[in-house]
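**Q** Residues per chain, in single letters:
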Amino acid sequence: DAGITQSPRHKVTETGTPVTLRCHQTENHRYMYWYRQDPGHGLRLIHYSYGVKDTDKGEVSDGYSVSRSKTEDFLLTLESATSSQTSVYFCAISEGFSYNEQFFGPGTRLTVL
Amino acid sequence: SQQGEEDPQALSIQEGENATMNCSYKTSINNLQWYRQNSGRGLVHLILIRSNEREKHSGRLRVTLDTSKKSSSLLITASRAADTASYFCATDTGSSNTGKLIFGQGTTLQVKP
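These protein sequence lines map, in sequence, to chains U and Y. If you're matching positions, the first sequence starts at 1 in our numbering and goes up one per residue. If you're matching positions, the second sequence starts at 114 in our numbering and goes up one per residue.
Isolated chain Y, as found in the complex (with noise of 0.2 Å):
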C-alpha cells in the first residue's frame, strides 16, 4: 500500500480562496517533498520539508508537518486558476542513500475563476 495517503482526493474552490491539503504516511521519515502535476504533464517539485521542521513557506504554500501524528499538510493561500493540478505527497524514509520517494495517490484540486 501507499506509504503516503492524501485527503481530499478531490477539492473544488473558487479563485481567491485557501486550499489545504493532507497528507498521511505510516513509517518514519527523513523529508517529505509536495509536487504538482498539471494535466498531461510531468511532476514539478514544490517544498521538501526535513523531520526536523515543522513548518516551512514557499510564497503563497505553507506545509506543516507532524511527525507524532505522521501527517502533514500544504496550503495555499489566495489560490489563482493557474493553481488547478494534481498535488502529490511524497515521503524519503531515507532507509538508503538513494533519493527513492514513496507517492501518494494524490489530491485534485479545481480552482473556479
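One chain only, chain U, in its complex shape (with noise of 0.2 Å):
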C-alpha cells in the first residue's frame, strides 16, 4: 500500500463542532486530494492541493477548507459540521500530471448527529 495514513478513522460529532480529518503521506507526492464518498453519488472532489500552501476548490468545497503547510500533510476542517456533512471521507495522493494513477486511504467515517 502507498504510504497513505488518515486520522480518525471513525468519528461521531454532534451537529455545529468543529472537525478536522487529517490525511498523511511519505510518498512525497505533490498532489493531494480530499473527497467524499456517498450511496448514489460516488466519489465527489472537495478540495485539492498542488503543493505546500497551494489549494483549490473541487466540485462539493461548500462547509470544508483545507490546508496543507507541509508537504505531507493534508488537512480538511468542517468549520461547524452539518449532518449533510455525514460521509467516508477519503484522501488520495498522486503525481499530479497526465497518466497518473491516484493512490487512496483506508478512508474516514464521519457520522454527524
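Be a bit skeptical, because a hint or two may be false.
[To be verified] Below, computed lysine-lysine pairings styled on DSSO-like, alpha-carbon distance capped at 30 Å:
#1 K57(U) x K139(Y)
#2 K57(U) x K183(Y)
#3 K11(U) x K53(U)
The set of hints was computed from the structure by calculation and includes no laboratory data.
With the hints as a guide, bring the two chains together.
**A** Have a look at this one:
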C-alpha cells in the first residue's frame, strides 16, 4: 500500500462542532485530494492541493476548508459540521500530471448527529 | 452530474464467468482509469487507458475505449470470489495539469463461489 494514513478512522460528532481530518503521506507526492463518498453519488472531489500552501476547490467544497503547511500533511476542516456532511472521506495522492494514478488512503467514517 | 456513469449498477455472476462493466462519459478526456474498492477500504488503481488507445490488457483485465461513443468497458475474465468489489471508472479531462479525476458511481460486482 502507498504510504497514506488518515486520522481519525472513525468519528462521531454533533451538529455545529468543528472537525478536522488529517491525511498524512510518506511518498513525497506533490498532489493531494480530499473526496467524500456517499451512496448514489460515487466519489466527489472536495478540495485538492498542488503544493505546500497551494489549494483549490473541487466539486463540493461548500462547508469545507483545507490547509497544507507541509508536503506530507493535508488537513480537511469542517468549520461547523452539519448532518449532510455525514460521509466517508478519502484522501488520495498523486504525482499530479496526466497518466498518473491516484493512491487512496483507508478512509474516515464521519457521523454528524 | 457525474462525468462517468457505470452500467450496470450491480452485477452478480458465478466464479469462472466473465464480468463486463461499462462506463460512459460526457466530455473529451485525456485518459480513463478504472479502480476497485473492496468493502470498507480505499480505492485501488487497476488500469489506465489513454485517449489515443483503443484496448489495454493487464492480467485478467481488458479495457476498451471508444472515444467516438464516449464509452469504456472493463472485462474481468475467469472471475474469482476475490474479485467481489465495487468498480469505478474515472476520467481525467486534462483541462489542467493537476491529475484531477471525476469518478462515476460504480458497479458493484458479486462473484459467487
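**Q** Are the hints correct? Go through all of them and say.
**A** Hint check:
no.	hint	in the structure
1	K57(U) x K139(Y)	holds (21 Å)
2	K57(U) x K183(Y)	holds (26 Å)
3	K11(U) x K53(U)	holds (26 Å)
No hint from the list above goes unmet by this structure.
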